[in-house]
Amino acid sequence: MTDISAQDQAPEAVEKTRNQWWDVWDQFRSHKGAMAGLIFLTFITLFCAFGPMVWDVDPGKLDIRNKDVRPIYVAIWDGDAKTSWARPMGTDHLGRDIMSNIMQGGRISLAVGWTAMILAILIGTFVGVLSGYFKRLDWGLMRFTDLVLSLPILPLLLVMMLLFRDPLRAAFGPETGIFLLIVAGIGITSWMQTARIVRGDVMALKEREFVLAARSIGTPPRRMITRHILPNVLSPIMVSATLGLATAIITESALSFLGLGFPSDFPTWGKILFDSVDRMTAFPERVLWPGLAISLTVLAVNYIGDGLRDALDPRIRGL
Amino acid sequence: MLNYTIRRLVLSIPTLLFIALVIFLLLELAPGDPMGQMPLTIPDDVKQRMREALGLGEPWYTRFYLWLYQFFIVEPQYWIDGIFGTNLADGAQRIISFQSRSPVFDTIAERMPQTLWVVGMSYVVGVAIALPIGIISAYKQYSVFDQAGTFVSMIGFSVPPFFSGVLLIVIFSVNLGWLPSIYDTTHEVIDWETLKFQFQQMIMPVMVLALQTTAQVSRYMRASMLDNLGQDYVRTARAKGMTESVVIMRHVLRNSMIPVVTVIALGIPSIFGGAIITEQIFKVNGLGQLLILALQGNDIPMVMTITFLLAVMIVMLNLVADILYGVLDPRIRYD
Numbered sequence: 001m002t003d004i005s006a007q008d009q010a011p012e013a014v015e016k017t018r019n020q021w022w023d024v025w026d027q028f029r030s031h032k033g034a035m036a037g038l039i040f041l042t043f044i045t046l047f048c049a050f051g052p053m054v055w056d057v058d059p060g061k062l063d064i065r066n067k068d069v070r071p072i073y074v075a076i077w078d079g080d081a082k083t084s085w086a087r088p089m090g091t092d093h094l095g096r097d098i099m100s101n102i103m104q105g106g107r108i109s110l111a112v113g114w115t116a117m118i119l120a121i122l123i124g125t126f127v128g129v130l131s132g133y134f135k136r137l138d139w140g141l142m143r144f145t146d147l148v149l150s151l152p153i154l155p156l157l158l159v160m161m162l163l164f165r166d167p168l169r170a171a172f173g174p175e176t177g178i179f180l181l182i183v184a185g186i187g188i189t190s191w192m193q194t195a196r197i198v199r200g201d202v203m204a205l206k207e208r209e210f211v212l213a214a215r216s217i218g219t220p221p222r223r224m225i226t227r228h229i230l231p232n233v234l235s236p237i238m239v240s241a242t243l244g245l246a247t248a249i250i251t252e253s254a255l256s257f258l259g260l261g262f263p264s265d266f267p268t269w270g271k272i273l274f275d276s277v278d279r280m281t282a283f284p285e286r287v288l289w290p291g292l293a294i295s296l297t298v299l300a301v302n303y304i305g306d307g308l309r310d311a312l313d314p315r316i317r318g319l
Numbered sequence: 320m321l322n323y324t325i326r327r328l329v330l331s332i333p334t335l336l337f338i339a340l341v342i343f344l345l346l347e348l349a350p351g352d353p354m355g356q357m358p359l360t361i362p363d364d365v366k367q368r369m370r371e372a373l374g375l376g377e378p379w380y381t382r383f384y385l386w387l388y389q390f391f392i393v394e395p396q397y398w399i400d401g402i403f404g405t406n407l408a409d410g411a412q413r414i415i416s417f418q419s420r421s422p423v424f425d426t427i428a429e430r431m432p433q434t435l436w437v438v439g440m441s442y443v444v445g446v447a448i449a450l451p452i453g454i455i456s457a458y459k460q461y462s463v464f465d466q467a468g469t470f471v472s473m474i475g476f477s478v479p480p481f482f483s484g485v486l487l488i489v490i491f492s493v494n495l496g497w498l499p500s501i502y503d504t505t506h507e508v509i510d511w512e513t514l515k516f517q518f519q520q521m522i523m524p525v526m527v528l529a530l531q532t533t534a535q536v537s538r539y540m541r542a543s544m545l546d547n548l549g550q551d552y553v554r555t556a557r558a559k560g561m562t563e564s565v566v567i568m569r570h571v572l573r574n575s576m577i578p579v580v581t582v583i584a585l586g587i588p589s590i591f592g593g594a595i596i597t598e599q600i601f602k603v604n605g606l607g608q609l610l611i612l613a614l615q616g617n618d619i620p621m622v623m624t625i626t627f628l629l630a631v632m633i634v635m636l637n638l639v640a641d642i643l644y645g646v647l648d649p650r651i652r653y654d
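Residue numbers (our numbering), protein chains in the order written: chain A, 1 to 319; chain B, 320 to 654.
Since the hints were derived computationally from the structure, they do not count as laboratory data. Note that the Cβ used here is the ideal one computed from N, Cα and C, for glycine as well. Misleading hints may appear alongside valid ones.
Unchecked claim - Label-pair distances were calculated between CB atoms; the ranges are:
no.: 1; chain 1: A; residue 1: V54; chain 2: B; residue 2: I474; range: 18 to 24 Å
no.: 2; chain 1: B; residue 1: D363; chain 2: A; residue 2: L94; range: 57 to 63 Å
no.: 3; chain 1: A; residue 1: V54; chain 2: B; residue 2: P378; range: 56 to 62 Å
no.: 4; chain 1: B; residue 1: F470; chain 2: A; residue 2: P174; range: 36 to 42 Å
no.: 5; chain 1: B; residue 1: E563; chain 2: A; residue 2: W22; range: 40 to 46 Å
With the sequences and hints as input, model every part of the structure.
What follows is the structure, encoded as structure tokens:
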């Protein structure tokens with residue numbers, strides 16, 4: 001309905017059309033916590049992704065002569081402590097370098113978090129759109145969602161880990177097998193909230209005039225969903241994606257912490273934390289680093305979600 | 320309302336049966352063998368007979384039915400017998416743990432008080448902290464207190480219990496030496512000194528769990544208060560000349576509590592999930608630790624029963640939350 005003639009008459013009066021995502025970005029930038037979160041998440045991602053290229057120490061290499069090295073800052077108050085510039089974060093009881101372990105662990109933890117979140121969002125959106133758009137499927141799908149919601153998630157995840165660990169390890173190798181298992185486990189147990197939110201929004205959208213207009217010119221359901229419905233439910237999906245990423249990282253660490261995650265040769269943040277708990281009396285820094293990495297990453301993601309929610313809400317935007 | 324409650328109760332039966340089936344079939348796939356820890360010198364045919372003695376020879380649907388029968392019929396009978404001294408059960412087979420060879424419910428009853436004590440206390444403490452924070456945060460929106468409250472609840476959401484717990488142990492047990500890091504469940508409270516010790520050993524696990532509750536409940540409380548503070552009836556109440564405390568505490572708070580009460584009810588199951596981790600950190604020998612031990616020992620009846628009890632709790636609290644919503648808010652009519 002844009003008036004081409006009006007634009008011809010007064011080209012200066014009409015502002016250059018902007019992509020709406022620029023407005024979202026402007027609003028997002030004004031949220032200090034969200035910006036700090038985004039900066040931290042970028043930093044920790046780059047640190048884990050490219051860190052090992054710069055800090056070229058094998059995380060699994062045993063160096064028994066240099067075991068139990070304290071982090072370098074301990075030298076400030078304790079000159080006799082065993083510190084070394086070659087091991088800035090210290091080493092563990094087998095002489096493995098902690099900094100390279102944190103990097104390697106971060107790679108796995110973040111990869112698990114992102115993949116599990118994407119899986120959960122895909123399932124949730126699929127179920128939500130189907131159940132919101134097609135009335136026939138709604139009752140069944142929503143009862144199913146309610147059923148899954150009333151399952152005790154953490155115990156079931158533990159059971160799943162225990163049962164399928166060995167078969168999958170045999171089929172795909174130790175690392176890939178466990179990775180697939182954890183991602184699938186978290187993914188299929190955390191899609192329900194997304195499905196509910198998406199369903200509600202789709203049902204509201206379905207009553208809008210533009211959907212009626214699209215239907216009146218004969219748009220088939222498949223194209224209706226991909227062209228008209230999905231772009232309009234993108235904002236709630238993005239917000240629940242950030243929440244999902246935060247929960248996925250915490251769940252993976254919790255599983256590793258309970259000793260049911262990755263095997264000990266494959267460090268993740270939760271696993272490093274779990275392995276260090278026994279020696280935390282003498283070496284508190286070893287629980288501090290991985291714990292801080294988990295907490296700060298999740299905090300950053302939560303703040304990004306907060307900022308996104310504000311930025312994507314057109315009622316707040318532009319104030 | 321009664322009609323609705325009965326309908327929901329009836330509907331929850333198929334839900335629970337389905338959940339029991341899911342858990343049972345998942346455990347059925349378990350490659351682990353309860354005979355795995357038996358000495359290797361036992362001949363194979365004896366092992367086979369021992370397996371059958373544990374009831375593993377039957378097809379899965381028979382065992383599933385038996386488990387349901389034992390869970391819903393036999394165990395309540397023993398329970399009633401225990402209370403009234405009757406003899407309803409008449410020596411019927413109970414659910415037996417593979418590991419300890421004793422009835423599962425006896426072990427659960429032994430572990431329950433520790434978990435309930437820690438979890439229940441933490442929930443009460445968490446809610447008691449959360450409500451004032453939520454109320455003040457909403458009343459003084461965007462103030463320093465509100466910002467601080469937001470930050471604290473963000474921390475509560477982000478710091479997992481296995482880190483906050485470990486951090487507390489490092490600070491208060493290792494560095495300062497004020498509090499014990501291991502929860503001593505054999506400790507008995509007999510005088511002031513022992514009461515003080517009980518308080519000391521409970522404070523850390525309770526606070527770790529309470530932080531999670533506080534974060535969640537205070538957010539809901541704040542949002543709900545903000546919704547209500549802008550309503551017309553608040554302005555009317557102020558215009559009538561009521562004092563600010565009456566307006567807030569009597570009018571706004573009561574209306575804001577409606578959604579918060581349901582959140583509090585719905586949050587109880589998740590705190591039991593958190594207790595699994597917290598008990599592991601502070602070495603509380605409660606239900607969560609029992610579950611982990613049973614999982615590691617392939618103790619299928621134990622895992623099945625504990626997991627199912629948690630599911631029952633989730634379903635029942637969902638029901639309670641919905642009914643409470645209807646009771647508290649007369650605008651909502653289910654019938």
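Compare the structure with the hints numbered earlier in the document and write down the numbers of the violated ones, lowest to highest. 1 and 2
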